[in-house]
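Colleague: Here are the chains, one letter per residue:
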Amino acid sequence: MLPIDDSPIVRDGKSLILAMDHGLEHGPVDFEEVPEKLDPAAVFETATHDAVTSIAVQKGIAEGYYPSYEDDVNLLVKLNGTSNMWMGEPDSAINCSVEYAADIGADAVGFTVYSGSNHEVEMFEEFREVHEKAREYDLPVVMWSYPRGQGLKNDTKPGTISYATRIALELGADIAKVKYPGEPEAMAHACEAAGNMNVVMSGGSKTDDREFLSTVEQATSAGCCGLAVGRNVWQREEPTRILDALERVIYDGKSADAALGHDDTESEPERDIERETETADATVEG
Amino acid sequence: MLPIDDSPIVRDGKSLILAMDHGLEHGPVDFEEVPEKLDPAAVFETATHDAVTSIAVQKGIAEGYYPSYEDDVNLLVKLNGTSNMWMGEPDSAINCSVEYAADIGADAVGFTVYSGSNHEVEMFEEFREVHEKAREYDLPVVMWSYPRGQGLKNDTKPGTISYATRIALELGADIAKVKYPGEPEAMAHACEAAGNMNVVMSGGSKTDDREFLSTVEQATSAGCCGLAVGRNVWQREEPTRILDALERVIYDGKSADAALGHDDTESEPERDIERETETADATVEG
Amino acid sequence: MLPIDDSPIVRDGKSLILAMDHGLEHGPVDFEEVPEKLDPAAVFETATHDAVTSIAVQKGIAEGYYPSYEDDVNLLVKLNGTSNMWMGEPDSAINCSVEYAADIGADAVGFTVYSGSNHEVEMFEEFREVHEKAREYDLPVVMWSYPRGQGLKNDTKPGTISYATRIALELGADIAKVKYPGEPEAMAHACEAAGNMNVVMSGGSKTDDREFLSTVEQATSAGCCGLAVGRNVWQREEPTRILDALERVIYDGKSADAALGHDDTESEPERDIERETETADATVEG
Amino acid sequence: MLPIDDSPIVRDGKSLILAMDHGLEHGPVDFEEVPEKLDPAAVFETATHDAVTSIAVQKGIAEGYYPSYEDDVNLLVKLNGTSNMWMGEPDSAINCSVEYAADIGADAVGFTVYSGSNHEVEMFEEFREVHEKAREYDLPVVMWSYPRGQGLKNDTKPGTISYATRIALELGADIAKVKYPGEPEAMAHACEAAGNMNVVMSGGSKTDDREFLSTVEQATSAGCCGLAVGRNVWQREEPTRILDALERVIYDGKSADAALGHDDTESEPERDIERETETADATVEG
Amino acid sequence: MLPIDDSPIVRDGKSLILAMDHGLEHGPVDFEEVPEKLDPAAVFETATHDAVTSIAVQKGIAEGYYPSYEDDVNLLVKLNGTSNMWMGEPDSAINCSVEYAADIGADAVGFTVYSGSNHEVEMFEEFREVHEKAREYDLPVVMWSYPRGQGLKNDTKPGTISYATRIALELGADIAKVKYPGEPEAMAHACEAAGNMNVVMSGGSKTDDREFLSTVEQATSAGCCGLAVGRNVWQREEPTRILDALERVIYDGKSADAALGHDDTESEPERDIERETETADATVEG
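Residue numbers (numbering that gives the first Met the number 0), protein chains in the order written: chain A, 0 to 285; chain B, 0 to 285; chain C, 0 to 285; chain D, 0 to 285; chain E, 0 to 285.
If you're looking for bench data, these hints aren't it; they were derived computationally from the structure. A few of these clues could be false.
Since the list gives no way to pick out one identical chain from another, each pair is judged satisfied if it fits inside one copy or across any two copies.
[Unchecked claim] List of simulated lysine to aspartate or glutamate pairs, EDC-like, C-alpha gap at most 20 angstroms:
id: 1; residue 1: 253; residue 2: 49
id: 2; residue 1: 178; residue 2: 98
id: 3; residue 1: 156; residue 2: 31
id: 4; residue 1: 132; residue 2: 102
id: 5; residue 1: 156; residue 2: 24
id: 6; residue 1: 156; residue 2: 29
Can you build the whole structure from these sequences, using the hints too?
Modeller: Laid out in structure tokens, this is it:
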């Protein structure tokens, strides 16, 4: 870990990473309900929101779409990834070199490490090479720190998440991206285990506005410096609204309730920006 | 993916790749009914047809025969391949380096990726190296994107083909070559999943003219920018005729029926250029 | 082995290495009773004690915290390590290159070798590369020489520890870090097997003051040039006191009893610096 | 494949490679009946015969003996090989680099590929590196193309041998060395599958003169450009005589019968140069 | 193999290699009865005997002790080795690079090859790299040629030892070190299989003087150019005496009996230099 507060992917010590590598990791099925988001340009548009400090995509998406957005978004190139079509101990393929990421304009790089996998030794060593090369290019390194493998049954229990942030610190990551361990106390412990390295929470699968924002609020209160989020933003019909709310929680320190209400009348009753029903839109500004 | 419309292997945004690596992948058995095509020169002759934007062959064929055709064909060197004599999880050997392909005059390179195989991680990483080296040489990269392996039962179902085109996009391919998923809607979805990257349909094993051209028509209507075809061209006795018809479908946007009839009388009844019977030739121009 | 008495990590021919890679090797659980030590700065503070000749940490901790302590501590970068979340034959991932360790100011490097593991051949070869590169940078190499694996049942029996020191000598280590084999005679034999290479004893898990210091006294009397210790120092509430005592044993050649008593009245009855009870502190200076 | 008719290992478009790597592949047992041939100098002497266009040996033999024969023989360094002491899927160790072969004076290099083996992918990739490096040194590459492995039961059936020559062509070999498939028609098909690449027949284990020469006659009539032979030459007591006869078959296009008779009286009855009986020598010139 | 008679490790065409890598290969247990030999300096002292043409040690021993003996001994750095703590197919770790061996003053390098092991292919390839690099540094290469592995039951039967010397010749070794095959005729065959490459016999485990010297006499009479010996020298209380006797057998061509008697009265009755009893010393000069 090096000081990264001056990095473009950090704003006021906070980060909101908009992740969109689901087409590789999960396949087009993740876009079924929002087929227009299969067009990466649509997600890049969303990433131009002020709250977003970087967009995290794979190499191919970066080289195809970032040139049109380089003035408006910061690019975090995810260096490894795999499909979910094969089975076996967790592993991830290095799809992009640090040099190439730098060539195409990356402001930072991301790398998944599955600690606990039978491939842990190999992945740690790959991370070393990425980390040391990234230092040459002055690119911050975000570790997707996801303990996973035959020795692990529940990969979001508190001890596991604290181990995940600590591994990221020990191996030299600048930011650790971890799953929310369920309780604020566990998140706080994980942030302490990270020393003074930044920790961001993973957004996970799509939930409703209030549940999602409450978790974000708990995480940031517990010490997280922000969020790396994908589906909970771009799977929504109006991603701008949830980004507005996230901006209030992450950068302005507002509560989830306040963020969901009017900006200047925080006493307004909470309302979900987006609901299951089609009437959601009508009520948001209510 | 980078813009490749100016590449010699693309004509008016379309591509017709004549593939002839069957001697390696399947063995001489694929030439049993057309033994004269065992001579690679015969297939290079066919590739001089205007409809063909490139010929895809392995290194040895390229270095032995391309020098005599370099003014008349564009060369796509297929960089990996294996025999079908061994069994096990799908994999493919890198038989040619990008540097060597460039040395012998390649206009583009091709690479097979078996996503879903237990070798997926390794193949993705090999693709990375090929892709980044190809960028140095300004050579477009065509991914033979073929999900295959123990976790996959039916590798032409719609979800699989859409995943295949998406993986090609995410990893940086310039063109994805995929199997036809059976239905135009599925092909259209696969093309959408590819963003603005070009997709070409694989020709597959030899079928009759009408069935073959109808599938090509469906694929191009669904968004494919063309075809990569081998057996359906050079296993025919008169490959020029089917290439004439393919030219009409792919570049002129004609229907299979129209392409099979006289050029300027599209209302002519459809007729197969080549049939099982020896009388086929006599009826073609009829 | 090369002469290293002039190295900053050796003082008067002796070494006391304060090791803190437990966050990686064991996870945050090792800090449960001393949560404030999750902050690496706290352990670096401890390492400023005169008795400590170097602090051994992983790359990430080194780059994050060493810059604030570079005038006060000597840095030993541990180059490999793994989590304890996976199971299988002992192995360790190279998390830091020698070059990078040198870049961030290392005075020495450390490397674990699990002789007897099915990965022995690979680890020996990794050690070769580390060793030869370290010679280029003039960095002493400390081998954590820990026989372990399916062929070994009791990894602290005398023959095993003597084999461990000998392997370190044969492969070129400058200092071997080994477990205490239980008996002074066995330790002496292990030191003889090491020729004139330095041997330090591993501190192991936390025990009470007297037991711990007695073992250190036995080890140094048997020929060890010192100690590599972690939990037995920083898991204590007052690490300075045990370091004071260790200084007396290691550098001044005092007995454990004398080290635990007043400095100048060695006939004082022995007293533990730290006990299970809260009254421990009061009795120390008694 | 590149044009190699100007290569020193080809004479009038034909090749006779005298192979002597049996000491490695089979062990000294192959020399039991001709113990004086354990001395590589004896085989180098034989290779000075005009009919021999190159001698194929491993690196150690080449560096030890070729310097004394460099004016009289052409050197083909066999780059890989293994003992027959281990069991498992066919594989072969690269015992010599192309660079080293060039350093010690090689006129060509040889490489075994066991297509069909579980190591096929690895061997193809090794061949690629050898091939591309050999191109830099302008050294022709001879592929010992031997399909073998768990998926193959009879490695001399026609389809297999045709596949073998085709693989050599596709991967870029200049000459393919294959086993005789039993029938002239099958050999002819294998030569057609090789396009215009040269094919040489393997000599195989020792047979009597007439059987051996008849097979050579059939192979060359079917399109082979010659022979790679070991035991059928140097296991004979008078290798010069069989080489005289081979010269007549391969370069002069004579029949086996004619080659076995007087040079200028082809109507002479056939006689074996060497028989099982000790009287053989006496009858040869009869 | 290259001519090495001018090498410092050969004297009058003969070699006596004093090997001391047992601390790594067998562990300190080999020194149990001669604990003072755990000090490598003691064995280096022995190596200053005129009969010894080189001392064979691992890297760590070489860098620690050779500097004090560089004027008096020739250094053969053994490049690979492993402990005997693990089980599995024979393999050996490369513990020292050729470059490093050259840096620390090696006059030659040694490398173990376990032909017949499932790791044979890998070891042959490692040997290739060592061999070619050693050629750059003009360092002779001694192959410890030890067929061993699941396919081999008795690794000292005649055919195996002849195969062992032949493999060393074929792969380019300058000297082969092999076990004695039991009979002089078998040793002679093994020397013939080696062409004109030097062969030295392994000393093996300690036996009594007469038995040991008789075997050496048989081996040298059969064509061996000398001996590589460890335990049979340094496990003796008076290694100088056995070295005196070995000098007579190897360099002066004397019989074991003569070597054991007075130098100038070869008709003296044979006497063992060292016996089990303490009276041995008294009788030697008798």
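Colleague: Okay, which hints does this one fail, numbers in order?
Modeller: Failing hint: just 2.
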